[in-house]
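Engineer: Chain residues, written in single-letter form:
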Amino acid sequence: MPSLFQTILHGRLTGLLVLGAVIAVLPLFLPNNFYLDIAILAGFNAVVCVGLNLLIGYAGQISLGHAGFFGIGAYASGVLAGNYGWPPVLALLAGAVFVGLLAFAVAKPILRLKGHYLAMATLGIGIIVSIVLRTESGLTGGPDGMTVEPFRIFGFELYGEKTWYWVVGALLVAVVWLSLNLIDSPMGRALRAVHGSEVAAEVVGVDTARFKAAVFVLSAVFASVAGSLFAHYAGLITPAKADFFKSIELVTMVVFGGMASTFGAVVGAVVLTLLPQALTVFQDYQQIVLGAILMATMVFMPKGLLPTLAALLPARRRA
Amino acid sequence: MNMRTDPELSLDAAPVARRDGPPLLRVEHLSREFGGVLAIGDLSFTVAAGDIHSIIGPNGAGKTTLFNLVTGVYKPSGGRVLFDGADVSGQAPYRLAARGMSRTFQNLQIFFNMTALENVMVGRHLHLNTRLLPALFRFPSLVRKDSEARDRAAALMAEVGLSKYLDADAASMPYGALKRLEIARALAAEPKLLLLDEPAAGLNATESREIDAVIKKVAAGGVTIVLVEHDMKMVMGISHKITALNHGRKLAEGTPAEVAANPEVVAAYLGAAP
Chain F
0 MPSLFQTILH GRLTGLLVLG AVIAVLPLFL PNNFYLDIAI LAGFNAVVCV GLNLLIGYAG
60 QISLGHAGFF GIGAYASGVL AGNYGWPPVL ALLAGAVFVG LLAFAVAKPI LRLKGHYLAM
120 ATLGIGIIVS IVLRTESGLT GGPDGMTVEP FRIFGFELYG EKTWYWVVGA LLVAVVWLSL
180 NLIDSPMGRA LRAVHGSEVA AEVVGVDTAR FKAAVFVLSA VFASVAGSLF AHYAGLITPA
240 KADFFKSIEL VTMVVFGGMA STFGAVVGAV VLTLLPQALT VFQDYQQIVL GAILMATMVF
300 MPKGLLPTLA ALLPARRRA
Chain Z
0 MNMRTDPELS LDAAPVARRD GPPLLRVEHL SREFGGVLAI GDLSFTVAAG DIHSIIGPNG
60 AGKTTLFNLV TGVYKPSGGR VLFDGADVSG QAPYRLAARG MSRTFQNLQI FFNMTALENV
120 MVGRHLHLNT RLLPALFRFP SLVRKDSEAR DRAAALMAEV GLSKYLDADA ASMPYGALKR
180 LEIARALAAE PKLLLLDEPA AGLNATESRE IDAVIKKVAA GGVTIVLVEH DMKMVMGISH
240 KITALNHGRK LAEGTPAEVA ANPEVVAAYL GAAP
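Those sequence lines, one after another, are chains F and Z. The C-terminal residue of the first sequence carries number 318 in numbering that gives the first Met the number 0, and the numbering is unbroken. The C-terminal residue of the second sequence carries number 273 in numbering that gives the first Met the number 0, and the numbering is unbroken.
Careful: at least some of the hints might be erroneous.
What the hints assert, rightly or not - Dumping the calculated PhoX-like pairs for lysine-lysine here, alpha-carbon to alpha-carbon at most 25 Å:
| no. | chain 1 | residue 1 | chain 2 | residue 2 |
| --- | --- | --- | --- | --- |
| 1 | F | 113 | Z | 74 |
| 2 | Z | 191 | Z | 240 |
| 3 | Z | 74 | F | 107 |
| 4 | Z | 74 | Z | 191 |
| 5 | Z | 163 | Z | 144 |
| 6 | F | 302 | F | 245 |
As the list claims (entries may be wrong) - To be clear about the criterion: a stretch of chain Z counts as covered by chain F if any three or more of its residues have a C-beta under 8 Å from a C-beta of chain F, and this derived list gives those stretches:
| no. | region |
| --- | --- |
| 7 | 81-93 |
| 8 | 107-117 |
| 9 | 130-143 |
The set of hints was computed from the structure by calculation and includes no laboratory data. From the three backbone atoms N, C-alpha and C, an ideal C-beta is built for every residue, glycine too.
Kindly produce the complete structure, drawing on both the sequences and the hints.
Structural biologist: Pasting the structure below:
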C-alpha cells in the first residue's frame, strides 16, 4: 500500500482529492477571521509557488523576479479597476495578458543565460518593476501604495474572509490540477528534459528555448492572477509586495517544500506563511529562529520537506 | 522499420547485408577551429543510406567534434553538411532531429530527474502533441497518444534489453544500462540516421557484444548508422565502411579490410616514425 505521503507525491487525482478535502474541512478548525486571513495568504502564496515550481523545480530555471509579476497583476487590478473603472475581471485578464507579453519579451534573451547570470537578469526585472511601482506615484500611489476596489462579478461583490477563503481554495485546487496535468504530458516531460540535459533534449527534437520561454510565461501569468485577486482581497497594495525580498521569499518556499513536487510547493508556501506567525512568541528573536529553521531544513533535508518526509516512509511505490 | 519483433537479444555475429544506397549524409570540406586550433580541417565524406559507417582515429583526432558539427551542437567554421538532400549546416539540433537525425553521447546525457521509461518517452517528443493548452487541460487525444507512446517506449526498452528497468529511476541504473537507454531514447524519435558516439566505451566484453547485437538489429531495421568507437573488434566486425581521422583530417577510407591494411592508419595508431 502506498502511504499517504507517497499518494500525495505521486498520485495525480488522489493527491488533488486530499488537497481539496484539507481545504474543505480546514475552516472548521479556524476559530476566527485572523486565522482565515493567514490561510488565505498561504493560499495566494501557494498559487504563485505552484507556478514558480514549474519553472524552478521542473524546468530547472531560476527566477528571482516573480514578485514583480505578482506586483504587476496586483497594480493592474488596482489601477484599471480603481482609477479607470474597469470591471475587475477585465482588469485581471488585462494584467495577466500584459504580464504574459512582458515575460515572453524578456524570456528569449534572458533564458539563454544560465545559473548566476539568469538569477541576476530575473532579479533585475523584479527590481525594475518595483522601482516603477514606487516612482510612478500618479498611478500607483508611490511607496505608500493604493487602495483597491472590491472584486465584483455579475453583480456579486466578494467580501469578507469566509468568501475569499473559498475563492482562493478553489483557485489553488485549479492551479494544482493544471500543474499536475502539465507535468504528466509530453510538454511536461520536455520541461523536465531541459532540466536534465539541454543538449540531449535538443537532439531528440525539443526546442529548448521555446519550452523555457513557455514555462516562464506560464509561471508569470499564475503570479499575475494571484496578484490581481490578492489586491482585491487585501484592499490595499504597496510596492513591497513586488520587491526583491518577496521574490526571495517565494523561491525559498519552493525550495523549502521540495523542488519538482507540486504538492511540495504548496506545503512550502503554507509552512513558510504560518511559521513567522507561529514564531512571534520569540518576539525579538523571531527572525533568528526563522533563519535557523530554514538552515536546519536545508542542511538535513536538502531535497525539501515533502520529498524527504516521503522518502522516510517505507514501501516506496510510484503511481 | 520493424522494431517490435524479437525482443530477445541475439548475440550471433552474422554480418549485416550491405545495401549501398544513395547518400544520406554528405560532409563537404567541413572545418572547425577553436581559438586558432583546427579540430576538423577540410573533411569530406559520404554516408550511404542503410550503411553502418564507422569513424575511427586516435584520441583527439576530432571524432566527437565531427559528431557535434553534424548534429548541430557546434557550428562549422567552413564547409557544408548535407542531410537527406538538404543543406543543414549550422542548423540547431532540434531542427535536425525533426529531419530525422538522432544521436547518443560519449559522456552520457541522461535525464537523471526521470525514470528510465520517461527518458525514452522524451524521445517520442516529435511524434506527440507538445502544446501547452492540450497539456494543461488534458485533452483526451493527448492522453491516448501519450499512453501509446508509453507502450512504444516500453517496447523499445525491451528491444535493447532494458525491460527490468522500466520504472527505475535513471539515476539508480548501472553505466552499461544507461548506454543502452541512450540508444533506446534516440530510436524512439524514429531517426533515419543515428550517430553513436562510443556506445561500447566503459563496457565489459559481454556488454560490448550486447551493444554490438543491438546496433546490428537497428541497422537491419533500416536505420543508417554512423559509429564512433575505439573497440576495433566491434568496428571491424560490423562496419560497411570506415573513415579514419587523424588531427582532424581524413587519413583513409574504405572497407574494414582496406582501412586495417592502410600503413598510415597503422602508423597513426601505433605512433610509428613517418
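Engineer: All the hints need checking, so say for each whether the structure fits it.
Structural biologist: Here is how each hint holds up against the structure:
1. F/113 x Z/74: holds (20 Å)
2. Z/191 x Z/240: Holds, at roughly 18 Å.
3. Z/74 x F/107: Between residue 74 of chain Z and residue 107 of chain F the Cα gap is close to 20 Å, so the pair holds against 25 Å.
4. Z/74 x Z/191: Roughly 22 Å between the alpha carbons, so the hint for residue 74 of chain Z and residue 191 of chain Z holds.
5. Z/163 x Z/144: Holds - the C-alpha atoms of residue 144 of chain Z and residue 163 of chain Z are around 24 Å apart, at most 25 Å.
6. F/302 x F/245: Between residue 302 of chain F and residue 245 of chain F the Cα gap is close to 22 Å, so the pair holds against 25 Å.
7. 81-93: Our answer is that it holds, as 3 residues pass the Cβ test (under 8 Å) against chain F, meeting three.
8. 107-117: With 8 residues in contact (Cβ-Cβ under 8 Å with chain F), the coverage given for the region 107-117 of chain Z holds.
9. 130-143: holds (count 8)
Comparing the model with each earlier hint shows no violations; every hint is respected.
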